[in-house]
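Protein sequence lines, in the order shown, are assigned to chains S and Y.
If you read the first sequence in UniProt numbering, its first letter stands for residue 1, the second for the next number, and so on.
If you read the second sequence in UniProt numbering, its first letter stands for residue 1, the second for the next number, and so on.
Among the hints, erroneous ones may be present.
Just so you know, same-sequence chains aren't split out, so a pair can sit in one copy or run between any two.
Heads up, simulated DSS-like pairs for lysine-lysine below, C-alpha to C-alpha not over 25 Å straight-line [unchecked claim]: (1) K25 x K48; (2) K3 x K168; (3) K3 x K167; (4) K167 x K327; (5) K298 x K341; (6) K76 x K164; (7) K323 x K263; (8) K327 x K281; (9) K48 x K24; (10) K348 x K167; (11) K3 x K76; (12) K327 x K259; (13) K259 x K41; (14) K298 x K310; (15) K226 x K3; (16) K3 x K126; (17) K314 x K281.
Hints are computed from structural coordinates only; laboratory data are not their basis.
Protein chains: 2
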Amino acid sequence: MNKYWSNITNQIEPYVCGEQPQDKKYIKLNTNESPYGPSPKVIEAINKCTNDDLRLYPDPNCQRLKSAAAKYYNLKADQIFVGNGSDEVLAFSFLAFFNPDNPIIFPDISYSFYPVYGELYNINYKQIPLSEDFSITPEDYSCENGGVVIPNPNAPTGRYLEIKEIKKILDSNIEKVVIIDEAYIDFGGESAVSIVNDYPNLLVIQTMSKSRCLAGMRIGIAMGQKHLIDALERIKNSFNSYTVDRLAAAAGEAALLDKQYLKECTSKIINTRENVINQLKELDFDIIPSKTNFIFAKHRKVSGNELFMKLKEKAVLVRHFNKPRIKDYLRITIGSDHDMKMVIERLKEILS
Amino acid sequence: MNKYWSNITNQIEPYVCGEQPQDKKYIKLNTNESPYGPSPKVIEAINKCTNDDLRLYPDPNCQRLKSAAAKYYNLKADQIFVGNGSDEVLAFSFLAFFNPDNPIIFPDISYSFYPVYGELYNINYKQIPLSEDFSITPEDYSCENGGVVIPNPNAPTGRYLEIKEIKKILDSNIEKVVIIDEAYIDFGGESAVSIVNDYPNLLVIQTMSKSRCLAGMRIGIAMGQKHLIDALERIKNSFNSYTVDRLAAAAGEAALLDKQYLKECTSKIINTRENVINQLKELDFDIIPSKTNFIFAKHRKVSGNELFMKLKEKAVLVRHFNKPRIKDYLRITIGSDHDMKMVIERLKEILS
Chain S
1 MNKYWSNITN QIEPYVCGEQ PQDKKYIKLN TNESPYGPSP KVIEAINKCT NDDLRLYPDP
61 NCQRLKSAAA KYYNLKADQI FVGNGSDEVL AFSFLAFFNP DNPIIFPDIS YSFYPVYGEL
121 YNINYKQIPL SEDFSITPED YSCENGGVVI PNPNAPTGRY LEIKEIKKIL DSNIEKVVII
181 DEAYIDFGGE SAVSIVNDYP NLLVIQTMSK SRCLAGMRIG IAMGQKHLID ALERIKNSFN
241 SYTVDRLAAA AGEAALLDKQ YLKECTSKII NTRENVINQL KELDFDIIPS KTNFIFAKHR
301 KVSGNELFMK LKEKAVLVRH FNKPRIKDYL RITIGSDHDM KMVIERLKEI LS
Chain Y
1 MNKYWSNITN QIEPYVCGEQ PQDKKYIKLN TNESPYGPSP KVIEAINKCT NDDLRLYPDP
61 NCQRLKSAAA KYYNLKADQI FVGNGSDEVL AFSFLAFFNP DNPIIFPDIS YSFYPVYGEL
121 YNINYKQIPL SEDFSITPED YSCENGGVVI PNPNAPTGRY LEIKEIKKIL DSNIEKVVII
181 DEAYIDFGGE SAVSIVNDYP NLLVIQTMSK SRCLAGMRIG IAMGQKHLID ALERIKNSFN
241 SYTVDRLAAA AGEAALLDKQ YLKECTSKII NTRENVINQL KELDFDIIPS KTNFIFAKHR
301 KVSGNELFMK LKEKAVLVRH FNKPRIKDYL RITIGSDHDM KMVIERLKEI LS
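Model the full structure from these sequences, guided by the hints.
The structure is reproduced here in structure tokens:
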């Protein structure tokens with residue numbers, strides 16, 4: 001409490017992101033970054049733009065980046081919105097589509113930023129419990145609501161929902177905006193982008209922080225029919241005309257144009273993931289099926305907190321959420337094969 | 001109006017930034033960018049960070065950038081906030097310090113983004129008229145209010161208010177946050193940063209887009225006592241954990257460390273400005289005294305709109321605001337000596 005703070009500042013419980021130690025002494029598997037650097041073409045594009053033109057504002061409309069995204073996703077450029085990471089795109093979306101009084105709905109176990117956006121903008125929300133196995137039941141989302149947010153695959157569980165299930169949620173909420181947050185879609189799922197033109201209520205949000213190896217550059221994208229994108233532009237232009245800087249815009253464009261690199265990186269990560277899952281199972285872990293670049297795993301005997309602390313002592317950072325239902329799970333990012341070999345070794349030491 | 005839009009999206013009138021043509025056929029003097037590129041040390045710092053580490057999130061706390069700012073401004077690092085341009089810092093500040101019901105106050109002629117932030121967050125505001133000569137009268141800001149925003153120097157007028165006048169506003173609002181928006185302070189004014197430790201209600205906001213030649217990288221800074229910075233961090237961390245990307249953070253740090261380059265650039269611009277003012281006076285312009293990198297000028301015979309259109313036809317972009325009291329003024333950014341020579345020539349052609 002402070003007399004100079006607004007009511008919101010006094011009341012809000014901010015989001016806490018995964019630890020970002022500024023030294024490099026950890027094997028860092030706590031924020032779902034890629035173990036691989038960005039495409040060489042991204043580096044080249046940034047280098048090319050690092051010149052005196054940085055004195056000039058960026059294109060406020062990010063036209064080149066939008067065109068590259070439109071081409072990649074087979075949409076029109078006016079069906080694309082670009083922001084400073086998918087967190088900013090989500091924050092704008094809450095303000096663009098949801099009203100305070102009609103509660104929006106999202107899963108009880110999901111991205112823990114959603115409730116914070118609700119608090120920030122005073123938008124009521126209701127959390128829909130996941131099933132016992134952490135799956136989403138589409139029928140649960142047909143209740144009266146002011147909007148829907150579904151992460152697919154879900155985080156931190158890693159579980160994926162088939163497009164035909166997503167369609168059920170869209171169909172039963174045709175008058176409300178349904179946000180499908182696809183931060184992890186490139187690791188084995190099918191994107192709902194393919195049905196954007198069928199659903200006037202569908203907004204798909206993606207990020208370049210995971211599969212495109214660009215967490216450091218902050219690029220998020222939203223895709224939907226033009227009237228939804230227009231709403232996001234209205235909010236953005238009432239907040240900050242230029243949220244994507246010149247180098248981020250160039251990086252994002254180059255990343256979208258290099259399809260081959262995306263495919264290589266995600267294939268490697270999927271491959272590593274499946275190997276690690278097998279090894280963890282041998283160590284008595286129960287694992288939620290994952291279509292992401294992380295694994296949500298629970299040991300049959302040792303508590304989540306104990307494993308988290310002991311791994312940290314051994315210089316391995318993973319993510320642990322001290323929350324009901326999931327406190328015995330660890331969320332472990334898929335790193336390089338070498339990183340994962342080290343993690344398995346450390347776990348064997350701890351569990352032996 | 002659209003049924004998928006929130007009430008705010010339907011109601012708001014977004015800010016319109018100066019035109020950003022993506023070709024280079026204009027002499028561009030409409031958005032107060034620097035005619036000079038950023039410091040060579042900035043370019044070097046960006047190049048050094050353009051590597052595989054872009055796969056990793058930035059430091060969410062921007063510690064290195066904050067330390068450099070603390071050193072430059074003679075403050076502590078916890079008295080510094082960093083954001084994605086001063087527009088984002090302003091947007092966060094409105095939410096962090098102001099409440100909907102108690103109207104905040106700012107000048108009637110000033111940065112046209114302020115009313116938009118008010119609308120975005122449903123914060124009431126009252127605009128205090130500038131005097132006939134466009135100066136700010138500190139006594140006008142001693143009325144009952146929920147907070148104060150003063151741009152100093154003011155934009156688009158260019159007029160500067162002495163620190164002793166700023167102190168009057170701070171003293172008469174000691175229970176309310178007073179934001180001094182110093183986007184243009186480096187072009188001849190004295191910053192209120194020097195009195196941050198004397199006033200628990202003072203927040204100073206600056207940008208690297210103007211004097212530090214980095215509009216393309218989006219770096220804004222706020223300075224104030226720790227309790228004010230904490231409020232901004234709370235709001236930022238409820239919106240987007242990482243608003244400043246790795247390259248922007250490196251660029252900002254390097255820009256702050258190169259004091260000499262800042263001095264050289266601002267001296268050149270001040271010098272050009274004074275020459276241009278003299279030439280415009282000879283062409284029958286009335287000019288508001290400027291401590292910025294732009295001039296606010298009105299011709300004695302020809303209307304603002306006519307001059308704006310004719311200059312545009314001749315490939316010179318300046319800013320014209322079609323608003324009461326200022327519709328006969330042009331806001332002309334100070335470009336290079338060569339740019340300004342061209343502008344004077346074009347004006348002579350138009351006025352002959």
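Query - Earlier hints that do not hold, by number - result: 4, 7, 10, 12
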